[in-house]
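Q: Chain by chain, the residues run as shown.
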Amino acid sequence: MPKSIILIWQLLRKHISIFELAIFFVANLIGMTVILSGVQLYSDIKPILMGDKSLIGSDYLVITHRVERVGLNSKSFSNEEIEALQQMECVKSVGGFVASQFEVDGSIMFNGRKLSTMLFFESVPDEFIDVEVDTWHFEEGDTTIPIILPRNYLNLYNFGFSNTQNLPQITEDMIKSVTLGLHISGGSRADNYNGYIVGFSDRINTILVPYSFISWANSHYANVESKAPTRLILEVSNPSEPMLTSHFKEHNYELENKPSESSKALFILKVCIAIIICIGVIFCALSLIILTLSIYLLLQKNVDKLENLMLIGYTPKRVAMPYKVMTLILNLSIFAISLLLIYIAEGYYMGYLSNIAGYTLSSSPTTAIVTGVIFTALVVAFNFYIINRKIKDISSKHD
Amino acid sequence: MDKIQLYNVVPEIFAHRENLDSDIWHKEFCFEQGRSYLIKAASGTGKSSLCSYLYGQRGDYRGNILFNDENIATFDIDRWCEIRQREISVLFQDLKLFGELTALENIEIKNNITHHKSIKDVESLFEELGIGDKIHSRIDRMSFGQQQRVAFIRALCQPCSFFLLDEPISHLDDKNSDTMRDILLRESKQLGAAIIATSIGKHMNIEYDLCLNL
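Those protein sequences? They're chains A and B, same order as listed. Going by our numbering, the first residue of the first sequence is number 1, and it counts up by one from there. Going by our numbering, the first residue of the second sequence is number 1, and it counts up by one from there.
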């Protein structure tokens, strides 16, 4: 079998134009490298900008009713309002903020002094939280409560308060090691808990505790079911969607957090990457056209030989084999070289990105490999289809 | 496969011709395995067309051709390739050899898919036909008579029920023609295959079972 392939190859390779194949090779290599580096770059940068929560970019908005008169309780969201939001196409999910209905006293031993303050807690469903921690849960009977603080509280302390009060600046890790004494009271009950800061959120601007704790504690201490939420968090596909903005205006909702800088950056990044990928696709499409023409021409030049081979008993499959092997080798080497280039490039830019991010980013060209495999498979399948079709044309002349 | 039946077959271009005086065109005829046929024809009577129809190379005829009661018009390319490997062995009038390959490579390219002859068998056939010294020569450097013998050897590199020989000795002298006949009779006896040979004048010295005028 291999010997017969060698012999047919010897027969059929004659009209192969090295020039045409070289053009295809270079063009497809460029196209493939551009596409793969685009997706790889995107998957490398994305976690820095948004924490790799979801594959498709989404953004979070926090909304409240506009405060109209001082002194009144802020208006809560009714079920109908929530449902209306949920039904909008650009809204992926809606979660309510649930506030604590009991009293909380927090105290901390700091530099030999006991600092104590009144606190409040809020909670949102877990899927809206941008901090990933294993200890984010509470069960009845637990004496510790995990807490997530907004990162800007820490900044406020470090860059505002500590400066003026001659207090030392503190790091996230320091805070995480501190135990917070919590005295919780309501109705006729009062208990002490230990609170631990387990993380800092960039997304949610409140003192967060697990949802399971709030709902239990509200009924336990305040003897009330959790009230209808006064703030909502929305996961949206595009925060600047006009439909969304007009809906907010119409219902007098106020946006608490403007789309973040990172989400704008992410959007720009997406546009850039999309442009890069488009350019890559154009390159690849052009190279495919070149290869297609080249294969057609090659088969056309060899049409007599192909006919003769089939007349002495060669099946179309067998005569197609050398061409298929050729395109397979071409495409696999393009893939391999392209991957190597990206691997090298990634090594360079990941160091740079790690500097920006402030922590070491692991570099692995997984995205490029997966995309490349799919892409190569598509190109090879297309090549095979062309070869089969042309050979069928030649063979069917005799049927 | 043991019979090739022709029902009212006529090439498309002869379809409107009246008074065709032929033993085959517009007739019912059956080639049977194990027998030998000589088809005598003047040029332009459709001799090569008949061969192309029987070999699935062309389909521009009217009427029906059946292999073992199966209409060949329904065969696809894969079926034809199977027939060309196992049932019908053909010696084309224009030989259809590959000029840039050597004589031996031309044989191998066929034998590689059928594995019918050993290299030793092939070598001794070259010797027998007087072209033993040409085995490694490129086909396009050989005379037509020599090429005809190479094509003949290639035709022997497969099992078959029918040998279809289109003017097999047109460029051979009597001695070579007799050698070819001896080999052909030997091989066809071994395989129990029929011989269908065409000729426009010169033909192999065989006692044909049937001579037909096309």
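Misleading hints may appear alongside valid ones.
As a list, the in silico SDA-like pairs of lysine to any residue whose alpha-carbon atoms are at most 25 Å apart [said to hold, decoys possible]:
{"hint": "1", "chain 1": "A", "residue 1": "K301", "chain 2": "B", "residue 2": "D94"}
{"hint": "2", "chain 1": "B", "residue 1": "K40", "chain 2": "B", "residue 2": "S177"}
{"hint": "3", "chain 1": "B", "residue 1": "K117", "chain 2": "B", "residue 2": "Q190"}
{"hint": "4", "chain 1": "B", "residue 1": "K96", "chain 2": "A", "residue 2": "V224"}
{"hint": "5", "chain 1": "A", "residue 1": "K3", "chain 2": "B", "residue 2": "R86"}
With beta-carbon atoms standing in for the labels, derived distance ranges [unchecked claim]:
{"hint": "6", "chain 1": "A", "residue 1": "Y385", "chain 2": "B", "residue 2": "G59", "range": "42 to 50 Å"}
{"hint": "7", "chain 1": "A", "residue 1": "G351", "chain 2": "B", "residue 2": "E100", "range": "54 to 62 Å"}
{"hint": "8", "chain 1": "B", "residue 1": "N68", "chain 2": "A", "residue 2": "I6", "range": "14 to 22 Å"}
Partner residues are not named here, just some residues of chain A that face chain B (Cβ under 7 Å, in silico) [said to hold, decoys possible]:
{"hint": "9", "residue": "L7"}
{"hint": "10", "residue": "L11"}
{"hint": "11", "residue": "G347"}
{"hint": "12", "residue": "S395"}
Rather than coming from a laboratory, the hints here were simulated on the basis of the structure. For each residue, glycine too, the CB sits at the ideal point set by N, CA and C.
Q: So which of those numbered hints doesn't the model satisfy?
A: Of the numbered hints, 4, 6, 8 and 11 do not hold.
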